[in-house]
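Let's have the full structure, built from the sequences with the hints guiding it.
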Amino acid sequence: MYRYDEFDRAFVAARIAEYRDQVERRLAGEITEDQFKPLRLMNGVYLQLHAYMLRVAVPYGTLSARQMRMLAHIARKYDRGYGHFTTRQNIQYNWPSLADTPAILEDLAKVEMHAIQTSGNCIRNVTTDHFAGAAADEVADPRPHAEILRQWSSVHPEFSYLPRKFKIAVTGAQKDRAAIQTHDIGLQLKRTDIGELGFAVWVGGGQGRTPILARKIRDFLPEADLLSYVTAILRVYNLNGRRDNKYKARIKILVSEIGAEKFAAAVEREWETLKDGELRLPAEDIAAISAYFAPPQLPARAEGVVNEIAAKKQNAGFTAWHRQNITAHRHPDYAVVTISLKGIGEIPGDASADQMDAVADLAEEYGFSEIRVSHEQNLVLPHVARADLKAVHDRLVEIHLATANAGLVTDIIACPGLDYCALANARSIPVAQEIATRFASPARQAEIGELKLKISGCINACGHHHVGHIGILGVEKKGAELYQITLGGSADENASIGEIVGRGFSPEQITDAIETVVETYLAQRSGHEESFIAFYRRAGAAPFREALYGADARAA
Amino acid sequence: MKILTANRLVDGEVVWLAADHSWVGAIDGAEIAHDAATEKKLARAGHAAFLRNEVVDVNLIDIALVDGRVEPQRLRECIRAAGPTVRRDLGKQAVAALSRAA
Chain Y
1 MYRYDEFDRA
11 FVAARIAEYR
21 DQVERRLAGE
31 ITEDQFKPLR
41 LMNGVYLQLH
51 AYMLRVAVPY
61 GTLSARQMRM
71 LAHIARKYDR
81 GYGHFTTRQN
91 IQYNWPSLAD
101 TPAILEDLAK
111 VEMHAIQTSG
121 NCIRNVTTDH
131 FAGAAADEVA
141 DPRPHAEILR
151 QWSSVHPEFS
161 YLPRKFKIAV
171 TGAQKDRAAI
181 QTHDIGLQLK
191 RTDIGELGFA
201 VWVGGGQGRT
211 PILARKIRDF
221 LPEADLLSYV
231 TAILRVYNLN
241 GRRDNKYKAR
251 IKILVSEIGA
261 EKFAAAVERE
271 WETLKDGELR
281 LPAEDIAAIS
291 AYFAPPQLPA
301 RAEGVVNEIA
311 AKKQNAGFTA
321 WHRQNITAHR
331 HPDYAVVTIS
341 LKGIGEIPGD
351 ASADQMDAVA
361 DLAEEYGFSE
371 IRVSHEQNLV
381 LPHVARADLK
391 AVHDRLVEIH
401 LATANAGLVT
411 DIIACPGLDY
421 CALANARSIP
431 VAQEIATRFA
441 SPARQAEIGE
451 LKLKISGCIN
461 ACGHHHVGHI
471 GILGVEKKGA
481 ELYQITLGGS
491 ADENASIGEI
501 VGRGFSPEQI
511 TDAIETVVET
521 YLAQRSGHEE
531 SFIAFYRRAG
541 AAPFREALYG
551 ADARAA
Chain C
557 MKILTANRLV
567 DGEVVWLAAD
577 HSWVGAIDGA
587 EIAHDAATEK
597 KLARAGHAAF
607 LRNEVVDVNL
617 IDIALVDGRV
627 EPQRLRECIR
637 AAGPTVRRDL
647 GKQAVAALSR
657 AA
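Taken in order, these protein sequences are the chains called Y and C.
Under my numbering, the first residue of the first sequence carries the number 1, and numbering increases by one thereafter.
Under my numbering, the first residue of the second sequence carries the number 557, and numbering increases by one thereafter.
These are calculated hints, taken from the structure and not from any lab test.
Ideal placement from N, C-alpha and C gives every residue a C-beta, glycine not left out.
Be careful, since some hints might not be right.
[Unchecked claim] Quick list of the computed label-pair ranges, beta carbon to beta carbon:
id, chain 1, residue 1, chain 2, residue 2, range
1, Y, Arg209, C, Gly581, 40 to 46 Å
2, C, Asp567, Y, Glu450, 41 to 47 Å
3, Y, His528, C, Glu627, 48 to 54 Å
4, C, Val622, Y, Glu450, 24 to 30 Å
5, Y, Gln151, C, Val622, 39 to 45 Å
6, C, Thr594, Y, Ala422, 24 to 30 Å
7, C, Ala582, Y, Gln151, 47 to 53 Å
8, Y, Ala542, C, Val651, 38 to 44 Å
9, C, Gly581, Y, Lys77, 51 to 57 Å
10, Y, Arg444, C, Gly581, 55 to 61 Å
11, Y, Asp8, C, Asp567, 26 to 32 Å
[To be verified] From the derived model, a few chain Y residues whose C-beta atoms are all more than 10 Å from chain C:
id, residue
12, Gly29
13, Leu39
14, Leu49
15, Leu98
16, Pro299
17, Ala310
Next comes the structure, spelled out in structure tokens:
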């Protein structure tokens, strides 16, 4: 993975010294809250319901075992013994004292991490496929390009005060696990027939109160032109994006207002002036960054297949976990392991300090010290020998992280919601917990098959409800929580925005309503091979409306 | 009826304004405004504390008295007063549970 050079180290150290001084001046009363708030936000420090919250960047979701141990240490020393992994592949601490935040940033810097640009109207953490560098179906590892974008966008003078925040995602495979069509810029790595590497470029996607899918504005952008082209996009947005209305300030509004064709033409015009300039990426620079992401040497472990078969015979729990949480690795003797942070009845995305340490130990012993955070709020060990899967599984059982539910109905994305978040209108976590508990039976989950359920506690949509096969949006109505259901959303290469199915449900009704939706699908699907999303695309919302609202639906 | 709430600057702790103009960490210690004049007094005291850099995010919130105890009208404020509903071991509710056990 990427290692800081002298410049990076000096930059982060200087930034922490500056922030420490800002905090000291604030606590001494030398600067006002209005002056201080944008400064703390630039360093990832928010104020939430109960306390401050620190959002730490996990660049493109990649962590080393050493970094994970530091995250555990911070959870123990400065927080309440846990952290929350987010849908932006980051980690949030819910209880830090403002006075401690400079010390936390100093500890993070020891392992080459920081919280810069995890807030504000700037380019945020660049996200990628959580199986990057390991997946069998990958064209190329997207992380070198994400790192190039990270370096270019860090305190970029032209793009630090954009009309609104800006999110870039990069995927290296045709199967989109990075949800690129819901990002301001989505990049899909591809190779031409003659082996040239480049990107399909998507722009103008986003969720929030106005969900819009990105439009493809270029089918192939050569790798060397990455920064000049992205600069052209940002420049067109920076100059033309609205600054008069926060809710219309994202690039998605600009692209949909002027149209993707006009937007693309403006980008191409701007790019003409940039593409042969200093932003053109030299092959040796790409190679130098790529070298940091060179895959580990994976020795042949051909005994894996035999071990797996033996383990499956002995242990039904292992078999279920293997079926659900293992993904094909490009090396046939290895596998990608998804560690579910969605234990039945647990809080989606939360991990205790002890669990973080244990995952770090596992990564060191069995996974070349590599860990990934997924936008689905799980952890991933990207390189585990198949021969070691049983040992890894057994250790995960010990730390209560062996839930075999990746991609199933209980693998729910949920934002922190009203239990923590100052923006939320309704709680998300207890809804997720109750639904997961209702569908706890492994046999029932397997029968249902792949089902992406996503919950947000407000219209800002951090819980990605718009792109859930089943989405739940919590709102406040007459002082009470109410939950709207959307159906048919998807965040993969066949992305779609879910449609509201009808009136909302109270906290007491929502789990029953979700069960009705799932039972309707099970009763009417053509067979087990027809997934929930495939059924919805064939049958539409009508069967669900009928089941949920009966005569009311027919009258409407 | 209203009370005044804020977060303490140094650590973000949820606090309420008491009758002696100190900030207390338990909602039952808050001074209750039964009329507009007292609301104004609370708001002024809160703003002064904000300017003295003691607290941030100062707000008057609606409450009711239920069996003599202060109960916020909005769920958001109930959660601020107690802690996350999904982690009863955290926040003010955890402290209350400990003191009951002691």
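If any of the earlier hints don't hold here, list their numbers in rising order.
Numbers 1, 4, 5, 8, 9, 10, 12, 14, 15 - these are the hints that the structure violates, sorted from lowest upward.
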